[in-house]
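Now for the letters of each chain:
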Amino acid sequence: MATFGRNRVAIAGYAQSPIVKSFGRPLGAVTVDVARAAIADAGLRVDQVDGFCASALLPTAGDHSPVDGVSVVTPNWLAARLGCNPRYASGFQGYGQLPGSIALAVNALVTGAADHVLVHRALHNPPGRYHASGRVEARGDAQWVMPQGFFGPLPMIGMAANEYLQRYGATREDLGAVVVEARKNGSRIPWSVWHDRPLDLDEYLASPLIADPVCRFDCDMPVDGVACFVLTTGDRAQDLPHAPVYVAGYASGAPTRHRLPLHWPLDDIYEVGSETARRLWERAGVGPSEVDLPQLYDGFSPFVWLWLEVLGFCPRGEAHRFVSGGGIDSDVPGGLPVLSGGGALGNGRMHGVPQMVECYLQLSGRAGSRQRDTTVGVACHSSPHYGGAVVYSAERF
Amino acid sequence: VVRQAFLPGFADDLPFVLVDVAIGGHDDLRLIGRLLDGPDAPLRLGAAVSVTFEHLDEGVAVPAFSLEP
Chain A
19 MATFGRNRVA
29 IAGYAQSPIV
39 KSFGRPLGAV
49 TVDVARAAIA
59 DAGLRVDQVD
69 GFCASALLPT
79 AGDHSPVDGV
89 SVVTPNWLAA
99 RLGCNPRYAS
109 GFQGYGQLPG
119 SIALAVNALV
129 TGAADHVLVH
139 RALHNPPGRY
149 HASGRVEARG
159 DAQWVMPQGF
169 FGPLPMIGMA
179 ANEYLQRYGA
189 TREDLGAVVV
199 EARKNGSRIP
209 WSVWHDRPLD
219 LDEYLASPLI
229 ADPVCRFDCD
239 MPVDGVACFV
249 LTTGDRAQDL
259 PHAPVYVAGY
269 ASGAPTRHRL
279 PLHWPLDDIY
289 EVGSETARRL
299 WERAGVGPSE
309 VDLPQLYDGF
319 SPFVWLWLEV
329 LGFCPRGEAH
339 RFVSGGGIDS
349 DVPGGLPVLS
359 GGGALGNGRM
369 HGVPQMVECY
379 LQLSGRAGSR
389 QRDTTVGVAC
399 HSSPHYGGAV
409 VYSAERF
Chain B
362 VVRQAFLPGF
372 ADDLPFVLVD
382 VAIGGHDDLR
392 LIGRLLDGPD
402 APLRLGAAVS
412 VTFEHLDEGV
422 AVPAFSLEP
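Top to bottom, those sequences are chains A and B.
All letters in the first sequence, in the order written, are residues 19 to 415 by the working numbering.
All letters in the second sequence, in the order written, are residues 362 to 430 by the working numbering.
Just so you know, these hints were derived from the structure itself, not from any lab.
A couple of the hints might just be wrong.
[Unchecked claim] Label-pair distances were calculated between CB atoms; the ranges are:
#1 B:Leu-375 / A:His-213: 31 to 39 Å
#2 B:Glu-419 / A:Leu-223: 17 to 25 Å
#3 B:Thr-413 / A:Thr-189: 25 to 33 Å
#4 A:His-276 / B:Glu-419: 31 to 39 Å
[Claimed, not checked] Facing chain A, according to a computed beta carbon distance under 8 Å, are these residues of chain B, among others:
#5 Leu-368
#6 Phe-371
#7 Leu-379
#8 Ile-384
#9 Arg-391
#10 Arg-395
#11 Arg-405
#12 Leu-406
Quantities reported herein were computed from a predicted structural model and do not represent experimental measurements.
The C-beta atom is built at its ideal place from N, Cα and C for all residues, glycine as well.
Turn these sequences into a full structure, and let the hints steer you where they fit.
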């Protein structure tokens, strides 16, 4: 049923840690603090939270061994440390971890499996090089790419971005326009790792390439950071202190074609990403023309173009011109505020959190000096073909 | 063009070029390999390549590509 859950679940409160290079404390300890703060923000007691949904992925290709409570935090770990006895705890395994976790929470609340669900995302920046590996043997699918030196997400996105640039005549300056917008907005956000540190196009262009056409600034900075959101049914949310923000609909991508590991041809992204978008609009009951706060994912800068196009904000192949022409300048009237929350490039590698935080703060009227007049938002995460997105609304419709 | 290595053994090869090749023009039959023409090769989408092999060690050969003239 396409309308399942539409506007029946709302975000009732949230909390977020500062986003920093390193907490100097175990990730779990910070997550417990942030979870308690989020529950209090929602006007609830810890013992009222009976559902926990999250993804605990440590998103690196490097040789880091995740330890629950130290470098990752699973829903069960958090529930136990908060002293809760959850009726429902579930982990999301796919890409687009935050939209996937929201989907689990919505389903649990609509079916009555839980009454108040805590969704968290806890990210850790491990010591050493983030994506570097000492592996000297390749097994399984990796044997077809590692001996060639195709390893990790940098060549992955470099190849897709290069395909876009060549096919549509885009340039490094066009990519830089995405990054400059993200950093401009991120520099105004007090909790961001890039607070007070905007980037101009000359600095961007002076940065050495890593995997052409991608440079360091096209990649979000690995960080330590935690965000927690409390979700409940729309009806219960009426009695809580903050204005509810409703989940109008959600969608995830996939299945994609079977490819070599991290081989993301542009046409796969478009083809499956368009299906992600179709599912999203069908589920939410709105389309791009009704969305005034599209928070697009930018863990790598080219994703912003791809989301603009698959979601229908731009014709295919046009997003680079749209962005470079000021189309996503969130400071001008008529600009589409795609990165008004700073995104990942302007906050740090928070894996969909900045997009969701911005939707929540703006639509609940809690954005303070950054408050905009908006009604319907979209929070995207990951690539359009593997990831997901959630439509949020200030009103039930 | 890969300019930073994330695996051991590649540092001396930097920068190197990776290509996404549709074998025999079949879009679903794709292989990623190194292009041996160097980082400044005039590489464009749709360029024709031929297959070759890099002999890395005794009994170890990895498929690679070079631009068709």
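Checked hints:
1. Checked against the given bound of 31 to 39 Å, the beta carbons of Leu-375 (chain B) and His-213 (chain A), roughly 34 Å apart, stay inside it.
2. At about 45 Å, the beta-carbon gap between Glu-419 (chain B) and Leu-223 (chain A) misses the expected band of 17 to 25 Å.
3. The hinted range of 25 to 33 Å is satisfied by Thr-413 (chain B) and Thr-189 (chain A), whose Cβ atoms lie roughly 32 Å apart.
4. The hint said 31 to 39 Å for the Cβ distance between His-276 (chain A) and Glu-419 (chain B), and at roughly 33 Å that hint holds.
5. With a least beta-carbon distance of about 5 Å to chain A, the hint placing Leu-368 (chain B) at the interface is held under the 8 Å criterion.
6. Checking Phe-371 (chain B) against chain A: minimum C-beta separation of about 5 Å stays under 8 Å; hint holds.
7. Here the hint on Leu-379 (chain B) is kept, as its CB sits about 5 Å from the closest CB of chain A, short of 8 Å.
8. Checking Ile-384 (chain B) against chain A: minimum C-beta separation of about 12 Å lies over 8 Å; hint violated.
9. With its C-beta approaching chain A no nearer than about 7 Å, Arg-391 (chain B) sits inside the 8 Å limit, and its interface hint holds.
10. Taking 8 Å as the C-beta contact cut-off toward chain A, the hint placing Arg-395 (chain B) at the interface holds, the least distance being around 5 Å.
11. Interface restraint check: Arg-405 (chain B) against chain A, minimum CB-CB distance 6 Å, threshold 8 Å, status holds.
12. Restraint check, Leu-406 (chain B) versus chain A: the minimum CB separation of about 5 Å is within 8 Å; hint holds.
In the structure shown, a violation is registered for the earlier hints numbered 2 and 8, in ascending order.
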